[in-house]
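Engineer: Listed below, chain by chain, are the residues.
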Amino acid sequence: MVEVNDTSDHGLLKSASTGDERAFTELFRRYQQPVYRYAFRLTGSAESAEDLTQECFIRVLRSAARFDAERGSLRSYLYATVRNLAISLARPALDGLDDEADSLGVPDLAMGAEERLLGHEAASIVQSAIAMLPAAQREALILIHYQELSLQEAADVLSIDVGAVKSRVHRARENLKQWLAPHFGGPAGGEARVRHGKTTG
Amino acid sequence: MGRLPDDDLDRVLDEWRVPSPPARIEAKALAAYRAEFREAKGWLGLVGMRVAIPLPVLVVALLGMVSLSIMVFRLEAGRSAPATVESNSPAAPWGGLQPVSELRPVILRSSQ
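Taken in sequence, the protein lines are chains A and B. Going by this note's numbering, the residue at position 127 of the first sequence is 1593; the numbering climbs one at a time, nothing skipped. Going by this note's numbering, the residue at position 54 of the second sequence is 55; the numbering climbs one at a time, nothing skipped.
Keep in mind that the hints were calculated from the coordinates and are not lab data. Any given hint could turn out to be false.
If you anchor each label on the Cβ, the simulated ranges turn out as follows [unchecked claim]:
{"no.": "1", "chain 1": "B", "residue 1": "Ser81", "chain 2": "A", "residue 2": "His1476", "range": "48 to 58 Å"}
{"no.": "2", "chain 1": "B", "residue 1": "Leu69", "chain 2": "A", "residue 2": "Ser1554", "range": "24 to 34 Å"}
{"no.": "3", "chain 1": "A", "residue 1": "Ile1553", "chain 2": "B", "residue 2": "Ala62", "range": "31 to 41 Å"}
{"no.": "4", "chain 1": "A", "residue 1": "Thr1491", "chain 2": "B", "residue 2": "Asp8", "range": "32 to 42 Å"}
{"no.": "5", "chain 1": "B", "residue 1": "Leu59", "chain 2": "A", "residue 2": "Glu1487", "range": "49 to 59 Å"}
{"no.": "6", "chain 1": "B", "residue 1": "Val61", "chain 2": "A", "residue 2": "Arg1528", "range": "20 to 30 Å"}
{"no.": "7", "chain 1": "B", "residue 1": "Pro23", "chain 2": "A", "residue 2": "Ala1597", "range": "18 to 28 Å"}
{"no.": "8", "chain 1": "A", "residue 1": "Arg1525", "chain 2": "B", "residue 2": "Leu63", "range": "24 to 34 Å"}
Just so you know, these numbers come straight off a predicted model, no measurement behind them. Ideal Cβ placement from N, Cα and C applies to all residues, glycine included.
Whenever a hint applies, use it, and build me the whole structure from the sequences.
Structural biologist: Take a look at the structure:
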């Protein structure tokens, strides 16, 4: 039996799943920001992120009995739930999620990227570049760089091993280094073409 | 084509920021939570209540219940056995009449 003052993730989860509204509120406030941001980065839509965040918590509470703190953190469990929801509700946006193809070997994509990136603000350039990554690389990059998960946590969310996470992040970064260099400068690119969030050329 | 160094890439990636969740999201989530987990409380909640039981415990409990049922059945069968014998006694079909202990025949003569 979970005590009322058990404020651990697991304790709050169990209390909330039995109708303890205060436990739910505490749990929601604890994780709504990272869950919402993850959902936003996955879907690119504020509205979808809002719906996914709400549904994610309800789904997790429904299956609270199956959560095993020994096997992973609640954060990973929430992210995995958001991911599954995003896949089922917005499959077109995540099409090719299991695509292992290395984009460096797809020159058309890189060329299209440069054309599409010209004339956009820095944030849009980065967002567009990330959106053009193969979904498997994009997800790994988002979890590691933006959500700041450990390799193991990201592996738990994606249901792959740590080595695969490392590989996907590495390839994502290599792609982005190449695609973004013309816009943000680099060793061979001379001065940065983007300053203070605006493109200069 | 040049490539961004690692440090520069990290800085560039941080350009993509996402907004914070809207303030209404908590109220919406709470409403969804209440609809799912609070309204089913009370007697109606018992109907939909779920109990998680480890499989070995469930098997042992079921075996125990079956054994107990068999024991009770046999005990009841043993208690009801004499009544069954009694009901099969010769007197029973005669509505409780008992056989006489001494036979006294009476001869009735008809007057001529």
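Engineer: Find the hints from earlier in the document that the structure breaks and name them by number, from lowest to highest.
Structural biologist: Numbers 2 and 5, in rising order.
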